[in-house]
Amino acid sequence: MAEVRYENASRIYPGTDIPAVESLNLDIPDGELLVLVGPSGSGKSTALRMLAGLEFVDEGSVYINSEDVTLTPPQDRDIAMVFQNYALYPNMTVQANMGFALKQQGVAKPERAERVQEAARILDLEPYLDRKPKNLSGGQRQRVAMGRAIVRRPQVFLMDEPLSNLDAKLRVQTRTELADLQARLGVTTVYVTHDQVEAMTMGHRVAVLKDGILQQVDRPRTLYSRPVNLFVAGFIGSPAMNLVEVSSEGTDGLRLGSLALPLDEQTAHDLAALDAGDYTVGVRPEHLQLASEGIAGEVTVVEELGSESYVHVTVEHQGGPLLLVVRAEGETMTQRGDNVLISCRGPVHVFAPNGERIGA
Amino acid sequence: MSQQTDRAEQVKRLQRREGWRRRLPLVPALVFTIVVTQVPFILSLWYSLTEWKIVPPEPRTFIGFGNYVDLLDNRFFREAVWTSVWMTVSAVLLSLLLGTLLAILLDRKFFGQGFVRTLLITPFLIMPVVAGLVWKTQVFNSSFGVLNWLLDSLWFERIEFVTRWPLWSIVSVLVWQWTPFMMLIVLAGLQGQDQSVLEAARVDGASSRAMFFQVTLPQLRPYLELGILLGSIYLIQVFDYVDVITGGGPDSTNVPYFVFQRSIGGGWQFGQASAYSIVVVIASIVIATFGLRVLSNLLEGEKP
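Those sequence lines, one after another, are chains A and B. According to this note's numbering, the residues represented by the first sequence are 16 to 375, in order. According to this note's numbering, the residues represented by the second sequence are 5 to 308, in order.
Hints are computed from structural coordinates only; laboratory data are not their basis. All clues given are correct.
Listed next, the stretches of chain B that the computed footprint assigns to chain A, with coverage defined by at least 3 CB atoms under 8 Å from CB atoms of chain A:
| hint | stretch |
| --- | --- |
| 1 | 192 to 202 |
| 2 | 208 to 218 |
Simulated restraints on C-beta separations:
| hint | chain 1 | residue 1 | chain 2 | residue 2 | range |
| --- | --- | --- | --- | --- | --- |
| 3 | A | Lys147 | B | Ile125 | 31 to 37 Å |
| 4 | A | Arg168 | B | Phe114 | 37 to 43 Å |
| 5 | B | Ser288 | A | Arg146 | 33 to 39 Å |
| 6 | B | Asp111 | A | Ala255 | 44 to 50 Å |
| 7 | A | Pro88 | B | Phe160 | 43 to 49 Å |
| 8 | A | Gly56 | B | Val285 | 57 to 63 Å |
| 9 | B | Gln14 | A | Arg146 | 43 to 49 Å |
Beta carbons are placed, not taken as given, at the ideal position from N, Cα and C, and that holds for glycine.
With these hints in hand, go ahead and build the complete structure from the sequences.
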């Protein structure tokens with residue numbers, strides 16, 4: 016059980032000027048599952064490996080349980096890591112794989128066997144203890160990698176895209192199992208993924224990174240409803256938020272084509288204090304609707320998902336065509352080529368030219 | 005139904021034709037290889053069943069397995085076999101050990117790594133005869149050799165190495181030439197290791213020692229086996245080094261050299277010599293069979 020803290024931690028790879036991770040500040044309380052998410056090259060894996068000790072920390076510090084471990088080698092940090100390709104020891108059986116760390120600690124054989132057995136029971140691996148990794152399926156290998164981590168009862172779990180080598184269905188299933196297991200064991204966990212759905216569904220809190228810089232760290236719901244900048248707004252949510260460049264016309268508010276956008280009081284107030292100019296407006300598909308009034312457009316694609324459908328509509332906006340995604344009922348009658356009207360019920364997010372959120 | 009079988013027949017015919025179109029250009033090479041290797045081999049098989057002396061010329065007479073039966077009683081042949089075994093085993097194991105140590109050294113990054121690697125490989129690029137001559141005249145030689153110059157400068161007595169330790173003189177040249185080969189094979193194994201497995205071992209708290217003996221070495225096993233087998237197949241038929249360094253003599257005549265001595269080297273007993281060479285071929289085939297099995301295991305292991 017432990018808390019983890021990054022303090023202005025940076026990693027600059029030799030031969031480059033741009034830090035892979037730049038002054039990262041993060042506080043992870045005991046027992047939390049924190050997800051690091053971002054596109055490739057955002058520094059999320061590097062940040063995790065800094066905590067593991069597999070990557071140097073060039074500036075700043077990393078703490079586990081308020082103990083400075085910045086210069087501690089990985090074997091002395093009491094952490095367990097699950098790798099993307101599982102990194103099982105190919106020459107050892109499942110049992111030996113899971114017991115390897117205990118063997119290094121000098122734990123006696125009977126206790127080792129008992130703890131491996133216990134972990135195998137939790138993960139349904141008992142029938143496979145004597146197999147070699149190459150004789151296991153992808154899902155089983157993934158569980159062995161998990162088992163190797165939990166057998167140790169470490170202070171912190173580190174997981175580097177542990178589900179990305181599984182097929183789509185198994186990934187969704189394992190996702191919930193993993194979240195449940197983490198909650199039961201109550202071990203502080205840092206989880207890296209590039210999949211924002213995985214991040215949103217698993218994380219107690221989610222930290223969004225881009226180009227090595229932390230953009231926002233918050234509960235999934237807040238991340239979704241109050242993205243602090245344009246990047247987070249576009250990255251979180253599937254399908255993505257409609258982001259539209261809009262010129263403000265003084266006190267008249269913001270218009271999407273002919274449609275006046277409903278702004279909340281704070282945003283309208285803050286916007287009024289700013290100069291007229293080009294802002295970016297973000298509206299999630301579920302906050303737009305096909306209605307009997309509003310902005311007119313033509314349907315180009317209908318994505319039917321069963322419970323709901325996403326209608327792609329081309330509208331006219333500031334003299335050019337603009338594609339909007341609107342959420343509609345599951346059994347919509349709308350087809351490609353239909354002329355529809357779209358209204359907006361808000362909330363509407365507004366971002367300044369530098370990408371920062373305006374308003375609360 | 006019959007239409008289906010027709011279709012299958014057609015596909016088979018097409019495949020066969022396509023196969024031949026690809027193989028046809030290889031046929032001249034195949035014919036050449038058969039003429040220069042397999043025909044002589046079959047002739048040797050036949051000669052090994054005859055008594056045949058060229059100088060002075062005697063008619064060739066068929067004696068069945070007589071030559072093979074005589075082998076068992078021949079003290080010189082038995083000695084040659086032991087020399088072959090000693091030479092092969094010690095040269096292979098020593099070069100493998102040294103090669104592994106050098107490979108571990110080369111596996112980590114340091115300044116001038118590429119240069120050092122090239123230097124380490126060079127012994128392997130030298131022709132065996134040249135290597136033998138260089139060692140004999142510049143290293144072992146009692147008057148001009150580097151080793152004796154060293155002994156001399158340290159006030160020790162000069163030693164005629166080749167006369168005193170003929171077998172080990174040859175083995176040391178073999179080790180010198182074959183260490184780079186073993187090094188390259190082991191290096192390939194080391195660099196083929198999954199880095200994240202090593203990282204996992206570090207996170208799991210393994211010391212460097214534990215990491216090498218419990219994670220790296222077991223993974224290297226197929227590579228080590230491959231080195232042993234390829235080395236054995238080659239070194240069991242070493243001839244040039246023996247000829248150049250000692251020219252035979254007690255303790256350094258291995259089976260190939262013995263074959264030479266018995267035939268064109270002065271014995272002129274072609275029937276007997278053929279029987280000896282067949283024994284070497286059989287031994288090589290046995291080792292090669294194991295070798296191929298190891299190789300196929302190695303390739304299989306790379307599948308996920």
